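Since the structure of chain Z is provided, determine the placement of chain A on it from the hints.
Chains Z and A, in that order, give the protein sequences.
The number in the working numbering is simply the position in the first sequence, starting from 1, with 15 added.
The number in the working numbering is simply the position in the second sequence, starting from 1, with 13 added.
Simulated from the structure, these hints should not be mistaken for laboratory data.
Remember, it's a predicted structure, so these values are computed and weren't measured experimentally.
Backbone N, C-alpha and C fix where the C-beta goes; we use that ideal spot for every residue, glycine too.
Straight-line alpha carbon distances no greater than 25 angstroms define the calculated DSS-like cross-link-like pairs of lysine-lysine that follow: (1) 110(A) with 139(A); (2) 153(Z) with 139(A); (3) 75(Z) with 61(Z); (4) 75(Z) with 130(Z); (5) 181(Z) with 139(A).
With the C-beta cut set under 8 angstroms, the calculated list includes, among others, these residues of chain A facing chain Z: (6) 126; (7) 137; (8) 138; (9) 139.
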Amino acid sequence: CGAVVMAQKGARPYDRIGEQVFAKVDKINAELFTLTYGSIVTQLVKDYEDLGEVNTQLEKMGYNIGVRLIEEFLARSNVGRCADFTETAEVVAKVGFKMFLGITANVTDWDAEKKEFSLVLDDNPLTEFVELPESYNKLWYANILCGVIRGALEMVQMKVEATYVKCVLHGHDVSEIRVLLKEILTDEIPASMRDE
Amino acid sequence: MGIKVVCASVIGKSNNPLYIRCFDNTEEPLKFHYIVHSALDVVEEKSTAKKGASLDLYLGMLYPTEDYRVYGYTTNSKIKFIIVVQEDGDSHDQAIKNFFRKFHVLYANTVANPFYTPDDLITSRKFNEELEKQVKTV
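Excised from the complex, chain Z in its bound form (with noise of 0.2 angstroms):
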């Protein structure tokens, strides 16, 4: 699979690996998924009230699953290294995304640097059926998904800040999300582990 996506470098390649991968994976049912992280949600605005804390906690929360779901997507994927940030988007966007929520996300708006990036989602299905209340116009409802960009890159080397800036549950009509790479880590590099 690697070698013939070698050779059709300019053809898009990660599309069709998406595609495979998600072939490949386990599914469960969506409704389960959606009524699963709604409750996750609710619960916390409960628990905290302040919609600030809120969205922290969702970041906080996909911290912490990214910097273990990386090792699944590296296993699984076999996507070899990227050899730059653009080309790291382009994984997230295609085979990270595809894999694990069934979406492919569209990478654009890049900085001139090429350090900051938007993923565009046109539909996700964490926020199927969701509607907000009016009060909560602080709530990035999807917000968890930030923390685990920001926890899986980490884990193969670079430092990145993912926020939310638009959300359909806000009324736009897609979700986006800017990533902004502010370092790479490059002084431990442990043996064990495989780059990125």
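Below, chain A alone, put in the same frame as chain Z:
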């Protein structure tokens, strides 16, 4: 020519109204509230009548008034859907059954919203919009 849904309502477990929406601007909404409320007695009757035999969710026509007919549909979670229709000529049972089925699905989707507690009043904008669409295409 067809049927026109003039009022659709969702009634909760303790016969508390969760949602009443009237689509006919010429009539007093209160009149429909009254019609729906009296229909609840018939629903009770029908639900307790047949013992042993498994009840269909669709209850059929509950009772006719001068200009309207009232239909009911109940769920195993004791949520009831009651609609008031203006019908000309024969009853369009199949169309009404289809409407109820879609209404039920719409309700289930609204309940799936984690921010909605069951037995609350239904204030969801999506629910309103979807229902309007369905009423138009009955």
